[in-house]
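Participant: Here the sequence shown stands for residues 33 to 212, numbered as in the working numbering.
FYI, nobody ran anything at the bench for these hints, they're computed from the structure.
Cβ coordinates follow ideal geometry from the N, Cα and C atoms, glycine included.
Check before you lean on any hint, since a few could be wrong.
Claimed, not checked - Have a look at the derived ranges for each label pair, beta carbon to beta carbon:
hint, residue 1, residue 2, range
1, M65, A115, 27 to 37 Å
2, P133, D84, 16 to 26 Å
3, G179, V122, 17 to 27 Å
4, A74, K203, 13 to 23 Å
5, S95, V122, 21 to 31 Å
6, T71, K93, 10 to 20 Å
7, A115, T164, 28 to 38 Å
8, G119, N158, 31 to 41 Å
9, N68, K212, 37 to 47 Å
To be verified - Here are the simulated DMTMM-like pairs of lysine to aspartate or glutamate, each with C-alpha atoms no more than 25 Å apart in a straight line:
hint, residue 1, residue 2
10, K203, D84
11, K62, E178
12, K67, E134
13, K212, D176
14, K67, E159
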Amino acid sequence: MKKRLLTTLAGSISLVLSAGSFAGHHEEGKEVMMKNLETGNAIGTVMVSSHDDDGVVFTPKLSGLTPGVHGFHVHQNGDCSSAIKDGKKVLGGAAGGHFDPENTDKHRAPWSERGHEGDLPVLYVNEEGEATQPIFAPELELEDIEGRALMIHAGGDNYSDSPKKLGGGGKRVACGVISK
Numbered sequence: 033m034k035k036r037l038l039t040t041l042a043g044s045i046s047l048v049l050s051a052g053s054f055a056g057h058h059e060e061g062k063e064v065m066m067k068n069l070e071t072g073n074a075i076g077t078v079m080v081s082s083h084d085d086d087g088v089v090f091t092p093k094l095s096g097l098t099p100g101v102h103g104f105h106v107h108q109n110g111d112c113s114s115a116i117k118d119g120k121k122v123l124g125g126a127a128g129g130h131f132d133p134e135n136t137d138k139h140r141a142p143w144s145e146r147g148h149e150g151d152l153p154v155l156y157v158n159e160e161g162e163a164t165q166p167i168f169a170p171e172l173e174l175e176d177i178e179g180r181a182l183m184i185h186a187g188g189d190n191y192s193d194s195p196k197k198l199g200g201g202g203k204r205v206a207c208g209v210i211s212k
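Please construct the entire structure, taking both the sequences and the accompanying hints into account.
Facilitator: This is the structure we're talking about:
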């Protein structure tokens, strides 16, 4: 029991220290206004910042979301409007697919070099419907994602194309564009 408690405590301390290091080493940032795709109402912002030339940190200040984990991705196009796909209206469909400049056509973990560069760690939403925990994407550079859409999906993300494509995150619920 003591070993489990020590392991949990060490993990918690590591998380706090790493979150603190993200806050202290941002080089530049872009504030992204996120909107609910059904209502068009603002749900908050995500600060997107470089981290010592070693990736990008996404720091959300969001509310009004369903508690739990949500798929969180950078999408190809900087357009959050709806689009028609297979004869059906898709909210946020103009954003296109996940940002994939290497044309891997694979949904993978955010730290993988063999998948979409737009695959991010899941967004955690607490019981009050708020998301505030920073997310680190080591394979991205801020200048590569400027002008692209940042998307939140209804469900989680298993970082795979199996059993469902694109991590199984489901419909698009919120979107914002990372300014150039």
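Participant: Does each hint fit the structure? Answer for all of them.
Facilitator: Hints, one by one, checked against the model:
{"no.": "1", "hint": "M65 <-> A115: 27 to 37 Å", "result": "violated (20 Å)"}
{"no.": "2", "hint": "P133 <-> D84: 16 to 26 Å", "result": "holds (22 Å)"}
{"no.": "3", "hint": "G179 <-> V122: 17 to 27 Å", "result": "holds (21 Å)"}
{"no.": "4", "hint": "A74 <-> K203: 13 to 23 Å", "result": "holds (19 Å)"}
{"no.": "5", "hint": "S95 <-> V122: 21 to 31 Å", "result": "holds (25 Å)"}
{"no.": "6", "hint": "T71 <-> K93: 10 to 20 Å", "result": "holds (18 Å)"}
{"no.": "7", "hint": "A115 <-> T164: 28 to 38 Å", "result": "holds (31 Å)"}
{"no.": "8", "hint": "G119 <-> N158: 31 to 41 Å", "result": "holds (38 Å)"}
{"no.": "9", "hint": "N68 <-> K212: 37 to 47 Å", "result": "violated (24 Å)"}
{"no.": "10", "hint": "K203 <-> D84", "result": "violated (33 Å)"}
{"no.": "11", "hint": "K62 <-> E178", "result": "holds (9 Å)"}
{"no.": "12", "hint": "K67 <-> E134", "result": "violated (29 Å)"}
{"no.": "13", "hint": "K212 <-> D176", "result": "holds (10 Å)"}
{"no.": "14", "hint": "K67 <-> E159", "result": "holds (20 Å)"}
Consistency with the previously given hints fails for numbers 1, 9, 10, 12, ordered from lowest to highest.
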